[in-house]
Amino acid sequence: MSLHISECKQINSHCSQTTEDQVHPPQSVTENKCELRKEVKDIIKNFDSVFSKDKYDVGALRVEPQRIVFNSDLPVSLRPYRTSPVEEQEIKSQVEKLLQAGLIKESNSPYSFPVTLTFKRDEDDGNVSRCYSTGRPRVTKPNEDRHLAVTSKRNRRSTASDLYRQLSSPTGTTVSRQTVHRRLGHIGLYARRPVRCVPLTATHCRLRLAWSREHALWTPQQWSCVMFSDESRFSLQSDSRRTLIWRAPGTRYHQENTIERHRYGGAGWLVWGGIILGSRTDLHVQSVTMTGHIYRDVILEQHVRLFGAPWVLNFCLWMTTPFLTVQTL
Numbered sequence: 001m002s003l004h005i006s007e008c009k010q011i012n013s014h015c016s017q018t019t020e021d022q023v024h025p026p027q028s029v030t031e032n033k034c035e036l037r038k039e040v041k042d043i044i045k046n047f048d049s050v051f052s053k054d055k056y057d058v059g060a061l062r063v064e065p066q067r068i069v070f071n072s073d074l075p076v077s078l079r080p081y082r083t084s085p086v087e088e089q090e091i092k093s094q095v096e097k098l099l100q101a102g103l104i105k106e107s108n109s110p111y112s113f114p115v116t117l118t119f120k121r122d123e124d125d126g127n128v129s130r131c132y133s134t135g136r137p138r139v140t141k142p143n144e145d146r147h148l149a150v151t152s153k154r155n156r157r158s159t160a161s162d163l164y165r166q167l168s169s170p171t172g173t174t175v176s177r178q179t180v181h182r183r184l185g186h187i188g189l190y191a192r193r194p195v196r197c198v199p200l201t202a203t204h205c206r207l208r209l210a211w212s213r214e215h216a217l218w219t220p221q222q223w224s225c226v227m228f229s230d231e232s233r234f235s236l237q238s239d240s241r242r243t244l245i246w247r248a249p250g251t252r253y254h255q256e257n258t259i260e261r262h263r264y265g266g267a268g269w270l271v272w273g274g275i276i277l278g279s280r281t282d283l284h285v286q287s288v289t290m291t292g293h294i295y296r297d298v299i300l301e302q303h304v305r306l307f308g309a310p311w312v313l314n315f316c317l318w319m320t321t322p323f324l325t326v327q328t329l
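Residue numbers 1 to 329, in the UniProt record's numbering, belong to the letters of the sequence shown in order.
Accuracy of the hints is not assured; some may be wrong.
[What the hints assert, rightly or not] Simulated DEER-style distance windows between Cβ atoms: (1) Val40 <-> Glu88: 38 to 44 Å; (2) Pro199 <-> Arg252: 16 to 22 Å; (3) Thr251 <-> Trp218: 29 to 35 Å; (4) Glu88 <-> Lys141: 42 to 48 Å; (5) Arg252 <-> Thr201: 21 to 27 Å.
No lab work stands behind these hints, which were simulated from the structure alone. All C-beta atoms, glycine included, are put in the ideal place defined by N, C-alpha and C.
Work out the full structure, taking the sequences as your base and the hints as a guide.
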């Protein structure tokens, strides 16, 4: 940093005549300029180590040590950190201990700031180690965290807003949605979309398991006599799937994390197709409901018989009906 003082003379080329005051300024003005020039010179002399004599030289930079201001005359409204009287008393007591230990010292430097990290001295060997602050205290207590966990597991479709309302009503603790997400994330619960599955009764599950065990060891030659068919119905009233649940990783297909929905409800279009070892059928599209008569007269007679498959296995009907839908032709 450098300070350069120069005298500026204003010359008016348009004026040919000058007054006596302009040529000879009053004595008071001259004295004020001399006093001001003297004060500036005194400042430069006092800060000779900071300012350079060369106006083009910025000089060397001097780093002030970081020290804390213990005695501050600023009002509370102008202080950078506003604290309550209790917190201020606690801070003063801790600062006094640090001063007595010799870890910090008082300073009136304008570059000082409050201590956020300090060093902890070991009483045994005298070594010091970094002592980190514990951070902001948690707004919820352990029993309130357990309350959030139990409530979210009982009703997995409840939103974060519902959970913090249920927490604040009995306990009076006010938390945000982000806090609810963090607390549930600590125990492994995250907001995820539930798995959709068709409603299955105990009979459905028993028949599916028995059929799987019976055909688990079939050979490719045996499967070559079976046509696998499936049908997809495109509904005009689909599920938006915007409802989220609280679940832990790896529990996607648990019963409490699924929502039973019939795959298609309302009007729509149905597409049927079948595959057999080495070939496939044409797609059959219809806009009416698939009935037993339509399935027999249209699907089996017009599509399946052309391939000569003795068995037709329909996965869609097999999952939604209590009977094994294996037709023998």
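Evaluated hints:
no. : hint                          : result
1   : Val40 <-> Glu88: 38 to 44 Å   : holds, 41 Å
2   : Pro199 <-> Arg252: 16 to 22 Å : holds, 18 Å
3   : Thr251 <-> Trp218: 29 to 35 Å : holds, 32 Å
4   : Glu88 <-> Lys141: 42 to 48 Å  : violated, 26 Å
5   : Arg252 <-> Thr201: 21 to 27 Å : holds, 22 Å
Against the hints set out earlier in the document, a violation occurs for number 4 only.
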